[in-house]
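Enquirer: Sequence:
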Amino acid sequence: MPMGCTSGVQLLNGHRGAPRWSRIRHAFRYAFSEFFGTMIMMLFGDGVVAQVLLSGKQKGEYQSITWGWGLGVMLGVYVSSPSDSHLNPAVTLASCLLRRFPWRRFPLYILSQVLGAMCGAAIVYANYRSAIDAYEGGSTMRTVPGYSPTATAGIFSTYPAAFMTRTGMFFSEFLASAILMFGIFAVKDNTELKPDRTAAPPPPPTPTNPRLPLMMPLAMFFLIFGIGACFGWETGYAINLARDFGPRLVTYMIGYGPEVWKAGGHYFWIPMVAPFLGCAFGGWLYDVFIYTGADSVEDFRRWYRGRGSPGLEDARQGRSPV
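Here the working numbering is used: the first residue of the sequence shown is 1, the next is one more, and so on.
No lab work stands behind these hints: they were computed from the structure. We put the beta carbon where it would ideally sit given N, CA and C, even for glycine. Hints may be right or wrong, so weigh each one.
Said to hold, decoys possible - Below, computed lysine to aspartate or glutamate pairings styled on EDC-like, alpha-carbon distance capped at 20 Å:
1) Lys-188 <-> Asp-295
2) Lys-59 <-> Asp-133
3) Lys-57 <-> Glu-136
4) Lys-188 <-> Asp-133
5) Lys-57 <-> Asp-133
6) Lys-262 <-> Glu-234
Unchecked claim - Simulated DEER-style distance windows between Cβ atoms:
7) Gly-255 <-> Ser-55: 33 to 39 Å
8) Trp-261 <-> Gly-137: 52 to 58 Å
9) Gly-168 <-> Met-215: 31 to 37 Å
10) Pro-258 <-> Asn-127: 24 to 30 Å
11) Lys-59 <-> Ala-18: 44 to 50 Å
12) Trp-261 <-> Val-288: 35 to 41 Å
13) Gly-138 <-> Met-253: 17 to 23 Å
14) Gly-293 <-> Trp-103: 15 to 21 Å
15) Leu-285 <-> Ser-22: 38 to 44 Å
16) Ala-131 <-> Arg-166: 47 to 53 Å
Just need the whole structure built from these sequences, with the hints factored in.
Expert: Next comes the structure, spelled out in structure tokens:
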């Protein structure tokens, strides 16, 4: 769970004479964390797609894209550690549903993630504008996949392969999102340091910024790389409302036209809905069959009502009864 900064609380409550920016920064620290983490993710993700596409694959291929997105997510996780590194509204929802994450932060996280994704996409567009002009055939030409062989809207948001059915589109995004959330919960469960239950409790730690689980960012790199390499072809593995809707909105605003919403049979709504359902399902699946932590709503004590039930003590201690 995200942790507050004790020194920041003291700053707000006990040091009213502190600089105004320090108070503002503390009050919106989670928002800033998610904003910049998502922005960094988009800079690397959209940036690598732009380089591969606009260079005619002279400066990279599809595997370059999966590597770029993996690196973007890894660095975004590092940047957004104070807010628990969600970077994805569907991850935030699953955390609220299954890890008792505060619902009051849900709207703030989504807004920060969408704005961060929009900002990242806009920066990539500004950086590659000349290359886009050359690729499209002019500064007034901005086209969408399915409408032009030189379309560049796919740099910023996802579009499905032409052969995909509506059901196939939805299932592809649902499946990739479920794998994502299952993997996130598994990585966090296995990388967080487990306390020794038999030892005396350690002294309270010195207040500091939240610390990521030891291998979380690197593990997220391989998770995203794997999803992209194995499940990314059909729909572009958006698996994230902010990552797809924010940049899509930017492309609409800068002149790509209403086709960004019409392409793929109005495909745009699928990356907005399927990741929420997929992440919730993937997280639930992990909790039901594997996780035994006390912060999960799928607490094993529900299944063992009486003291004499077989496996009760094992379940309470997080051990397998078999």
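Enquirer: Lying within 52 to 58 Å: is that true of the beta-carbon distance Trp-261 to Gly-137?
Expert: 23 Å, violated
Enquirer: Could you say whether the range 35 to 41 Å given as a hint is met by the Cβ separation of Trp-261 and Val-288?
Expert: Holds, since Trp-261 and Val-288 (Cβ atoms, about 37 Å apart) stay within the stated range.
Enquirer: For the pair we were handed, Lys-57 and Asp-133, check the Cα-Cα distance against 20 Å.
Expert: OK: Lys-57 and Asp-133 at ~17 Å, within 20 Å.
Enquirer: In this structure, is the beta-carbon distance linking Gly-168 and Met-215 contained in 31 to 37 Å?
Expert: Holds, at about 34 Å.
Enquirer: Starting from Lys-59, check that the Cα of Asp-133 is at most 20 Å away, please.
Expert: 18 Å, holds
Enquirer: Within 17 to 23 Å: is that where the Cβ-Cβ distance between Gly-138 and Met-253 falls?
Expert: Since Gly-138 and Met-253 have Cβ atoms about 19 Å apart, the given range 17 to 23 Å holds.
Enquirer: Given a hinted range of 38 to 44 Å, is it respected by the beta-carbon distance of Leu-285 and Ser-22?
Expert: 43 Å, holds
Enquirer: Is the straight-line distance between the alpha-carbon of Lys-57 and that of Glu-136 20 Å or less?
Expert: The given pair, whose Cα atoms are some 15 Å apart, holds under the 20 Å limit.
Enquirer: Would the pair Lys-188 and Asp-295 pass a check requiring their Cα atoms to be no farther apart than 20 Å?
Expert: 13 Å, holds
Enquirer: So the hint says 15 to 21 Å: do the beta-carbon atoms of Gly-293 and Trp-103 match that?
Expert: 19 Å, holds
Enquirer: Compare the distance between the alpha carbons of Lys-262 and Glu-234 with 20 Å, and conclude whether the hinted pair is satisfied.
Expert: 18 Å, holds
Enquirer: Quick check on a hinted range of 33 to 39 Å for Gly-255 and Ser-55, using CB atoms only.
Expert: 22 Å, violated
The structure fails hints 4, 7, 8 and 16 (numbered hints given earlier, in ascending order).
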